[in-house]
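Q: Could you slot chain B onto chain A? The hints should help.
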Amino acid sequence: MLLQLNNIFKWVNAGGQRTFLLKDINLTVKEGEFISIMGPSGSGKTTLLNVIGMLDGFNEGEYHFMDESVHQLKEKHRANLYKEYIGFVFQAYHLIDELTVYENIETPLLYKKFKSAERKALVADMLDRFNIVGKKDLFPEQLSGGQQQLVGIARALISKPKLILADEPTGNLNSKQGEEIMELFKQLNEEGVTILQVTHSEKNAAYGSRIIELLDGRKVSL
Amino acid sequence: MIRNYLKIAFRNLWKHRMFTVLNTVGLSIAFAIAILLSMTAIFHLNFDSFHNNLDRTYLLYRTEQTPKGPESSISNPEPLTPALKEEIPGIASITRHLQSGIIGIFGEKEINLDILYTDPDFFSVFSFPSIAGDARQALQSGQNIIITQKIAKIMFGDDTAIGKNIMLMLNGVETPFTVATVLEDIPRQSSFHFDIIVNFVNNPAYSRQKGQWDYRNHEVFLTLQEGVSVETFQKNTRAFSNRYFEDDIKKDKRDGAQADANGQYIQLNLFPFKDWHFIRQINGRITGGKTFPFLIIGISLLILFIACVNFINMSVGINIKRLREIGVRKTLGAAKKQLFFQFWCESIIVFAISIVTGILLSKALLPGFKTLFRTGAVFSDMNTPVFLWGTFIVLLIVTLLGGGYPAFRLSKLNTVQTLKGTLKVQGKNRLRNLLVVVQFSIAILLISCTITLYSQLQYMQGKDLGFNKEQVISLPLNGKKDSQLVLDLLRNELLPIPEVQSITAADNNLGLGRDGSRSTSAFDFDYKGKGVNTNMLVVDYDYLKTLGISLVAGRSFDRNFSRDSLSVIINESLAKELGGQNILNTPLSLLDSKQHTVIGIIKDFHFRDLDQAIEPITLFFNRDKQLDYAYIKVNSANLAQSLSVVKEAWKKAEPNAEFLGSYLDENINRTLDREKTMTTLITCGSIIAILLSCMGIFAISLLTIAQRTKEVGIRKVVGASISSITILLSKDFIRLVIVAFLIAAPIAWWLMYKWLQNYSYRINLSIWFFVVAGVITVLIAFATLSIRTIRAAMANPVKSLKTE
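Chains as they are written, first to last, in full-length UniProt numbering: chain A, 1 to 222; chain B, 1 to 804.
Next up, chain A with everything else stripped away, as it sits in the complex:
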């Protein structure tokens, strides 16, 4: 078991009324799973992803990540946990505009204080693997959307995470590029990386081994 959510509630108080973003979510993710989260806009997909990614907190419930009780951890330890084990992929790629492809991929290693030689080796491997060696000195704006997302995934993978959280990774791409990215995810999953993706597309959802459907912050069984 990689992570487990027990009766997770998250709400905001607006205008004296409590609006639930997540309502009684129970979820167990085993290592090596490829899960797709689906649901209409505003159903709480991204919020759930952020809660799992520990970027966002929750109001009630328990969250266990690899034998750690996240709900009891302090902010700093929680940050260390996600830095160690989780990689993020975003719909809008979120590459840093001022950095080249190489530097974007290198950044997580810098924050983890890897030695220069190690960084070089790891980044070179990653560039190789994604076939983007020739583009390493380009800036994000010089790349197509698909290529940018490729770099985004490479950056998420560089620190060898156990879990990849992808928030509509193909949302800004055309169908061909999207397919390529999904193929890549499939391949990564086969290599043992656990993947949780949020998607609108049935087709992309089908790549996963399991689909979770959300509606108004609730999990609905299919």
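Since the hints were derived computationally from the structure, they do not count as laboratory data.
Wrong hints could be hidden among the right ones.
Only pairs whose alpha carbons sit at most 20 Å apart, straight line, appear in this in silico SDA-like list of lysine to any residue [said to hold, decoys possible]:
1) B:K412 <-> B:A335
2) B:K336 <-> A:N80
3) B:K336 <-> A:L81
Quick caveat, the model's predicted, so the values are computed rather than measured.
A: Just chain B now, kept in the frame of chain A:
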């Protein structure tokens, strides 16, 4: 990691180069100004610091309780110093100090020299090292003379100076002195400047003052023994003062003066010599106000503050656009600390560049700065540990606050919100607004001070002084010949020339002449059983006519009256004290109790600086007395040519003496140097302050306008006019400037009110000074803003709406 920080920093700075340039330029100017100003302040604060016993060295002054209140004076009688040394414990060394000008002769060379008459202890109190000879030893003998290296060079070239004889014109007689010591040249930061030193007994008044307790003409300096406090000393001298100044005290009591808190009528006080450079006498009190250097430091800090505010506001403004990057970095594993350092690194780069350019800029500006502010400051003055550490600490604080604050705020932002871009930026402008208000308050404050100072200066320059200052040349009689003789020569030479109207002379100058010498003489006399104090001036024929001073009653000194040497003319102030115009033709018992008759009463005129009220003055006529300044009234359109005519006549009369004649208005202006320097300084300060502040709101307006592009577009679509949008976009800033005005105006009013109290003759503070300052600021701010607001208002709304 550091390399990575630097790399990102440089790329970001390049990306926002407009702001980087604005920031660097602003900060560089601020740093350059701060360096120049603090250099000047340090230069003044370090004056006289080279003396070894500085902490224990004092100026002696006496405070006398008069019916008009306490009056302090730094002039002392001849026997005071020996008596103090004899009777008062705790004095390590004590010396008399009298400085004036004299003609020194060696062979063919005739030079005007600054001479110091002093005691051998002078060299124990002060530290003026010698190159050859023992100065203290040399001064034991009255025949020896001590000269500076500079004078040795001028007089003897490369020859040895020791043992040579120099003639000094003492009381009109050439008197020989033997050079016994050569001193190193006097340090730049010395308040004392002299060319030669001889024993105090040689001073021209010595025979008259010896043993006299009521003839005061010199300063006294002393060092206390270690461990002796000023209070102890002052206490110890009380019985001493009561004994030796008995006569003065009796008169004070008779005239109704109130004793001080200790029951004293005359108290000897000590003034720390380290503040001698700043000594001033305000309303009879001696003070060492260091207003000027601290004002300078204050202005430089204000300017630095303004530049830093710009930096903070711009960094926060620009970096708000980088929220997403911050969020991404956080998900990639950046700790707060690491983010802080990344942003701080960018600030440090900007600050480092600005500091370097600032230093270079200040070096480039130094020559102009020195002439503008008449300062002798050089960069090496700053090589003191205190200053270098002070600068380092100020820079560190500035960089930490200016660069660190934005970095700190950004590194603390919430990750999810930054990623989504939903972070509320608008609401957090309170600090920015506050800073802008403070910035503009400073600018408005400085501008209103500029206006007030300038008006006061104008007022003083244009004030009717009671005499004609435009067409009168004042000429120091610094030659070897007897002054009456020179005066006759000048009269013979110049009076036939049609443009010369009249010539006279006096023993004192008006204003400050090119000889740089000033003095005051005053004495007390009893009239109808009451003590009266008056200034005195010895004048020649035609004094009133030449200077255009009007008579209220009586007549002037006249060639047709033979007995005028026992006549005096008094001014209205004195006449008032003596009971009005009835005093005319009354005998007064003046100076050694000789009977003098008042033959005329003149209108009050400003014979002293404009910061002082007009005091009583008595004009004497005495053809045996040495006169020091000739006054020549010319009537010509070409003043420069008239001056050269006078110069030629002077060269004929005194071929060896330097011509130092100047028009009186020039002399009066010279007395206003302090005010002029201060006005220039505040003017420069306010220009830079308003410039930097406007740079700041310009940058902020760029950022906010960018944020409000969509709003502007929508408003235009629903029919807003260009002008209404311009006003909309400028409104918030103008409101801040108005708030700043409301804060700054009362402060400025209070400061200026206090400052004007220093002047007996001053302008009335008008509300308009401040209103004008406020209006100027609002206009400049509005003009700056409109550069961008109008453009934004004119933009095609379709475009701005599409960008969203």
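Q: Which hint numbers doesn't this structure obey?
A: none
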